[in-house]
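Engineer: Assemble the whole structure, with the sequences as input and the hints as a guide.
2 protein chains.
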Amino acid sequence: MDRVPVLKIGDILLVSIQIDLDDQTAMQLQEDLSDRIVETGAHGVVIDISALEIVDSFIGRMLSTIAAVSRVLDAETVVVGMRPAVAITLVELGLSLNGVRTALNVDKALEILAEVRRIHGVGVLSIADDDGA
Amino acid sequence: MDRVPVLKIGDILLVSIQIDLDDQTAMQLQEDLSDRIVETGAHGVVIDISALEIVDSFIGRMLSTIAAVSRVLDAETVVVGMRPAVAITLVELGLSLNGVRTALNVDKALEILAEVRRIHGVGVLSIADDDGA
Chain R
1 MDRVPVLKIG
11 DILLVSIQID
21 LDDQTAMQLQ
31 EDLSDRIVET
41 GAHGVVIDIS
51 ALEIVDSFIG
61 RMLSTIAAVS
71 RVLDAETVVV
81 GMRPAVAITL
91 VELGLSLNGV
101 RTALNVDKAL
111 EILAEVRRIH
121 GVGVLSIADD
131 DGA
Chain G
1 MDRVPVLKIG
11 DILLVSIQID
21 LDDQTAMQLQ
31 EDLSDRIVET
41 GAHGVVIDIS
51 ALEIVDSFIG
61 RMLSTIAAVS
71 RVLDAETVVV
81 GMRPAVAITL
91 VELGLSLNGV
101 RTALNVDKAL
111 EILAEVRRIH
121 GVGVLSIADD
131 DGA
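As they're listed, the protein sequences go chains R and G. 1 is the number of the first residue of the first sequence in the UniProt record's numbering; add one for each residue after it. 1 is the number of the first residue of the second sequence in the UniProt record's numbering; add one for each residue after it.
Worth flagging that the hints you see were computed from the coordinates, not collected in a lab. Take the hints with a grain of salt, since some may be wrong.
No copy labels: a pair is met if it fits in one copy or bridges any two.
Straight line, CA to CA, 20 Å or less: simulated EDC-like cross-link-like pairs of lysine to aspartate or glutamate [what the hints assert, rightly or not]:
1. Lys108 - Asp22
2. Lys108 - Asp11
3. Lys108 - Glu39
4. Lys8 - Glu92
5. Lys8 - Asp107
6. Lys8 - Glu111
Structural biologist: Quick look at the structure:
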């Protein structure tokens, strides 16, 4: 079975999705990611989707779920590398990536994660349910 | 055509190989990578092969070529995430990853790259020093 690698870079976990995800692979990714967050104490997750030509409702939901689960585990999720065509399709389909932050590239995502960390401080996060912006 | 994304993290480029590479895709990756090194002035390349169950002579040669080309462009290459079974097969097949450094994970690769940079010094390579703008 194909498995998407989860890479640890400092206190960030990076996932680059390059294959078509079926139910099984998506579920496995969610599990691997949660396990790694707990194991490493990572405070941020960056998901690169630059290889994806299509983001349908299945992938959209998966990204939202990953973001929600990660948040409960005290890690913020940022999706990077979305192609312009994908963004247009998402809006046309009326899909919103609920609770998912986006950034143009990994560097900007790391800035956002550092900023989030600075604002929230460490430990305050637990109750706060920000829907900023 | 499938294309392996090249991610920029600070002054490092990260490539996570998750698909079976044919001639075309491998060639494209080499080109993309060289272009990005020149474009970003990256001094290090990290190639994650944790998703690969097999590293044959074709992949081995490609990794060596990438490392050689990157070195000419003043970027060091580190391959990370090699599975134990892959390492055993490589040795059994008598394949050596010529000129390719390896590390267990991305964090360790970043340490190696920082160390290499420290030893070589930035000034020594300064004929083509970055002129920030």
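Engineer: Would you mind marking each hint as holding or not holding in the structure?
Structural biologist: Evaluation of the provided hints:
In the homo-oligomer, the alpha carbons of Lys108 and Asp22 never lie at most 20 Å apart, since the shortest distance is 29 Å inside one protomer and 32 Å across protomers. Proximity of Lys108 and Asp11 under a CA criterion of 20 Å is satisfied in both settings, with 16 Å inside one chain copy and 13 Å between copies. Taking the closest pair of Cα atoms, Lys108 and Glu39 come within 20 Å of each other only across two copies (17 Å); inside a single copy the shortest separation is 25 Å, beyond that limit. In this homomeric assembly, Lys8 and Glu92 never come within 20 Å of each other (Cα to Cα): the closest approach is 34 Å inside a single copy and 30 Å across copies.
Taking identical chains as interchangeable, the C-alpha atoms of Lys8 and Asp107 lie at most 20 Å apart whether they share a chain (15 Å) or sit on different chains (7 Å). Taking the closest pair of Cα atoms, Lys8 and Glu111 come within 20 Å of each other both inside a single copy (17 Å) and across two copies (13 Å).
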